[in-house]
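Q: Given the coordinates of chain A, work out where chain B should sit on it, guided by the hints.
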Amino acid sequence: MIDALLEGLLLVLQWKAFAFMLLGIGIGFWVGLLPGLGGITTLALMLPFVYAMQPVEGFAFLLGMHSVVATTGDITSVLFGIPGEGTTAATILDGHAMAKKGEAGRALGAALASSLVGALVGAAALALAIPVVRPLVLAFGSPELFMIAIVGIAFIASLSAQGGRGMLRGFLAGGVGLLVATVGQDPQAGVSRFTFDSLYLWSGLDLVPVLIGIFAIPEIIDLVVRGTSIAGDMPKGRLNQGALEGVKDTFRHFWLTIRCSLIGTFIGIMPGLGGAVAQWLAYGHATQSARSAEERQGFGRGDVRGVLGPGAANNSKEGGALIPTVAFGVPGSSSMAILLGGFFLLGLVPGPDMLTTHLAVTFSMVWTIVVANIITVVVCFLFLNHLARLTLVRGHFLIPVILVLIFIGSYSSNNHYGDLLLMLTFGALGYLMVAGGWPRAPFVLGLVLGKIAENYLYISVARYEADWLYRPIVLVLIALAIAVMLYPLIQARRIRSRSVKHA
Amino acid sequence: MHSKASLILGAGIMLLSGAAVIIAMDWPWKAALFPIVIGIPVFCMATAEVIWGLLDPAARSEAMDFQLSAQLPQKIATRRTLLAVAWMLGFLAAIVLLGFPLTVALLVFVFVKFQGREGWVTSGIFTIVVWAFFYAIFDRLLHLPFPAGWIQTWVGLA
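Those sequence lines, one after another, are chains A and B.
Note that my numbering has the first sequence beginning at -8, numbered continuously upward.
Note that my numbering has the second sequence beginning at 6, numbered continuously upward.
If we strip away everything but chain A, and leave its shape as in the complex, we get (with noise of 0.2 Å):
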């Protein structure tokens, strides 16, 4: 095991390996930074190049492509308040707000520190789990995989908003999500539900357009009503002592990061929930780390924790996500999926071999993981005072070239007009959604929620009637759901207590 391990790391020092992975983490970089053009699609592109390399060479290249998108899809969130990656938009909530405070150096070290250690903690998984993770896998039938899809929503749904109007509204978001992701062909009957005879809307709602319009407008429309820069009339020394800041908040919630990392790990070892997922539950762990009420109202308004819990999810999916696509050909999200093409153009078979006969092949993927990750942080930060002054560019510099972004970053999803429109219909629903003081990220949650849980739903009901309600992990899980719901109740009822005891 330890030969396979240091064999692995060999393999990815050599310069060939090592040079297609510097390609790879170049583009991801980019790909990264840009709105709207996804690591995914960026996969698929580049996935017909890997033909004639050697698989340590292949994986180099797409896993350093993959695993650094996330970690610079952060820097678009936190400067511009667009999601840079579909799986970087709670980074939004408070590392935007942080750069509005002009601590944008802070929140982009904390995003990347936060992304190195959940980078470290996947890959590390990675590493350890794969015997051990087969039982666990298997136990999580559909009925399982709906249930925790309920538990996330109920989650952030719970922890989003303050008091028992806030969660009504939290609840209300997260059911608006879910029913507005049934637009589009059932898959199961093939019924075009809610699309007005639009083509366009026969295969659902885009999720890109959707999360640009839903965060990025509001932010454009508070940016033209203030008329200054993105971080106001901060003074500009603050923004270049932040970063190392960011990183020390890393290690002062060393284990908040360390806990949002095995979230993230355990939603990407999950088959079809993805890192959209694990960025959410991940941000309402962080929520409920709060201590008090005053604390968890800080949340969104620019506390560091919430840029960690996504940070580090996000990044240490990856790992997770390998997990069962090594081991077993299951692949955890739509990236793995076409990552699984990648092993079969590279003449392997997913499962035992992967950890017999190619061990140090799969090692290798590790410290792919590993070596990108730490190359992608080390070049960020060498920018990143660089990067924070971004947020003094005066507003109407700015707000131009935001909107030439968000407008083409939507465009690109599906190439249609269409586009444009869902990403402006959803920016006005963000903004009445951030006037009226309701939370966003449980819409966004059952949007990305809707069709897995749906999909899950239907096989449980078909293939178990009423009789999937019994189930041991469902029980658990619906244990869990009630406990998640109840708990800001008792911790508000304790907090009142406590304060009439000190009065």
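Since the hints were derived computationally from the structure, they do not count as laboratory data.
Note that the structure is a prediction, hence the values are computed from the model and not measured.
Note that beta-carbon positions come from the ideal geometry of N, C-alpha and C, so glycine has one too.
Among these hints, one or two may not hold up.
[What the hints assert, rightly or not] Once the Cα atoms are required to be at most 30 Å apart in a straight line, the calculated DSSO-like pairs of lysine-lysine come out as:
#, chain 1, residue 1, chain 2, residue 2
1, A, Lys92, B, Lys35
2, B, Lys118, B, Lys9
3, A, Lys92, B, Lys80
[Claimed, not checked] The following residues of chain B were derived to be distant from chain A, with all beta-carbon distances above 12 Å:
#, residue
4, Leu12
5, Val109
6, Phe131
7, Gln157
8, Trp159
9, Val160
10, Gly161
11, Leu162
[As the list claims (entries may be wrong)] Between beta-carbon pairs, the in silico distance windows are:
#, chain 1, residue 1, chain 2, residue 2, range
12, B, Ala91, A, Ala474, 45 to 51 Å
13, A, Asn406, B, Ile156, 37 to 43 Å
14, B, Asp31, A, Asp458, 25 to 31 Å
15, A, Tyr461, B, Asp31, 28 to 34 Å
16, A, Val123, B, Gln72, 43 to 49 Å
17, A, Asn405, B, Ala153, 16 to 22 Å
18, A, Ala35, B, Val160, 33 to 39 Å
A: Chain B alone, transformed into the frame defined by chain A:
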């Protein structure tokens, strides 16, 4: 603003989720199961939210989310909000009429010159830089298929 936006949202969701459940009832159960299972609780929660809003319009519930700036007087904020919306709708209309490449240059120049009140030279140089970035990345490198605008098609330039 807070309660008005919330009421609009609540009422809108109530109407749409109610309509969604009624429409879904005509579908085969395989297609209707999920929209109905989700639509009914959404309708009930939206109704509760609207009633809550009507009975207690002053009650505020802050989400853990981005907050709109509240430093400016309401009148100015509303005017600037409408201006931002107009810019976005104008950009969309220009993309459809003129196509992406021309619109990008036009938007950047007009915004910096007239909204930002920068000089002609600054506006011109900034426009050239942004357009060159757009052209190099999205057109030459990524080969995104930008369709010609309707005007170019009508005139026969496409």
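Q: For every hint, state whether the structure bears it out.
A: Against the structure, the hints come out as follows:
With a CA separation close to 49 Å, the supplied pair Lys92 of chain A and Lys35 of chain B exceeds the 30 Å bound. Taking the CA atoms of Lys118 of chain B and Lys9 of chain B, the gap is about 35 Å. The hint is violated against a cut of 30 Å. Taken as a hint, the Lys92 of chain A and Lys80 of chain B pair is honoured in the structure, with Cα atoms around 25 Å apart against an allowance of 30 Å. The Cβ of Leu12 of chain B does not lie farther than 12 Å from every Cβ of chain A; its closest approach is about 8 Å, which violates its non-interface assignment.
Interface exclusion of Val109 of chain B from chain A breaks down, the closest Cβ pair being 5 Å apart, not more than 12 Å. Remark: the non-interface label on Phe131 of chain B conflicts with the geometry, its nearest Cβ contact in chain A lying 7 Å away (cut-off 12 Å). For Gln157 of chain B, the requirement that its beta carbon stay farther than 12 Å from each beta carbon of chain A is met, with the minimum near 15 Å. No beta-carbon of chain A comes within 12 Å of the beta-carbon of Trp159 of chain B; the shortest separation is about 17 Å.
Val160 of chain B, annotated as away from the interface, keeps every beta carbon of chain A farther than 12 Å; the closest lies near 20 Å. Residue placement check: Gly161 of chain B keeps its beta carbon more than 12 Å from all beta carbons of chain A (closest about 21 Å). For Leu162 of chain B, the shortest C-beta to C-beta distance to chain A comes to about 19 Å, beyond the 12 Å cut-off, and the non-interface label holds. Between Ala91 of chain B and Ala474 of chain A the Cβ separation comes to about 48 Å, which falls inside the hinted range of 45 to 51 Å.
Taking 37 to 43 Å as the suggested C-beta distance range, the pair Asn406 of chain A and Ile156 of chain B does not conform, at roughly 20 Å. Range check, Asp31 of chain B to Asp458 of chain A: Cβ separation about 29 Å, and the 25 to 31 Å hint holds. At about 32 Å, the beta-carbon gap between Tyr461 of chain A and Asp31 of chain B stays in the expected band of 28 to 34 Å. Roughly 45 Å separates the CB atoms of Val123 of chain A and Gln72 of chain B, a value that falls within the hinted 43 to 49 Å.
For Asn405 of chain A and Ala153 of chain B, the hinted distance range of 16 to 22 Å is satisfied, since their beta carbons lie about 18 Å from each other. Separated by about 37 Å at the C-beta atoms, Ala35 of chain A and Val160 of chain B satisfy the suggested range of 33 to 39 Å.
Comparing the model with each earlier hint shows violations of hints 1, 2, 4, 5, 6, 13; every other hint is respected.
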